[in-house]
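Using the sequences plus the hints, can you model the full thing?
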Amino acid sequence: MVHIQNLRKNDSILLYPSTVDFEYLDSSATRFEIAYNEEGQRFGMNKNRPYLLSDFNKLEDFKKLVAQLNKNQLYYIAQMIQTKREDWNPTSKDCENGGVFWNFCFDLIKTAKWKNSPKDIEKWTNYAVEGYFEDAFNLYMRLNMI
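Residue numbering for the sequence shown follows numbering that gives the first Met the number 0, beginning at 0 and increasing consecutively.
Please note: incorrect hints may appear among the correct ones.
[What the hints assert, rightly or not] PhoX-like mimics (lysine-lysine), calculated; alpha carbons at most 20 angstroms apart, straight line:
# : residue 1 : residue 2
1 : 70        : 114
2 : 57        : 118
3 : 122       : 112
4 : 63        : 118
5 : 83        : 109
6 : 109       : 63
7 : 118       : 62
8 : 63        : 122
9 : 62        : 109
Keep in mind that the hints were calculated from the coordinates and are not lab data.
This is the structure in structure tokens:
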């Protein structure tokens with residue numbers, strides 16, 4: 000290990016980005032379900048975790064959404080997304096703009112009874128498709144961090 004000032008041209012360096020992960024432990028067995036692959040990504044339905052710290056702002060955006068919907072609506076949207084993700088096991092093509100799962104999430108978010116309809120429905124749709132919506136819901140609603 001050397002100080003950055005002692006690095007020379009063509010030296011190799013290893014970079015370990017800062018990441019953050021979380022899980023709502025609803026039972027003691029849940030902690031044994033958390034596992035990572037060789038690339039450091041989660042197994043199972045939470046493949047987008049852990050998050051790079053630079054991506055954590057996507058979860059922070061959820062706070063803006065919470066003010067526009069009531070809790071029942073948020074629970075409904077999160078449950079529908081999770082259920083369809085488990086039932087359909089969408090492929091990457093299904094998750095692209097215009098794909099079956101993407102269209103489902105778009106319609107679900109667009110037809111919600113918003114106090115003030117968000118300007119960027121597509122952004123929220125992409126968050127839903129990528130799993131950020133469910134993760135933010137678990138982080139902020141289940142852990143009562145709002």
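Cross-check of the supplied hints:
1. 70 / 114: Between residue 70 and residue 114 the Cα gap is close to 13 angstroms, so the pair holds against 20 angstroms.
2. 57 / 118: Judged against 20 angstroms, a Cα distance of about 16 angstroms means the pair holds.
3. 122 / 112: holds, 17 angstroms
4. 63 / 118: holds, 12 angstroms
5. 83 / 109: Given that 20 angstroms is the threshold and the Cα spacing comes to 17 angstroms, the pair holds.
6. 109 / 63: holds, 16 angstroms
7. 118 / 62: holds, 15 angstroms
8. 63 / 122: With Cα atoms ~13 angstroms apart, residue 63 and residue 122 stay inside 20 angstroms; holds.
9. 62 / 109: Measuring from Cα to Cα gives roughly 18 angstroms; hence the hint holds.
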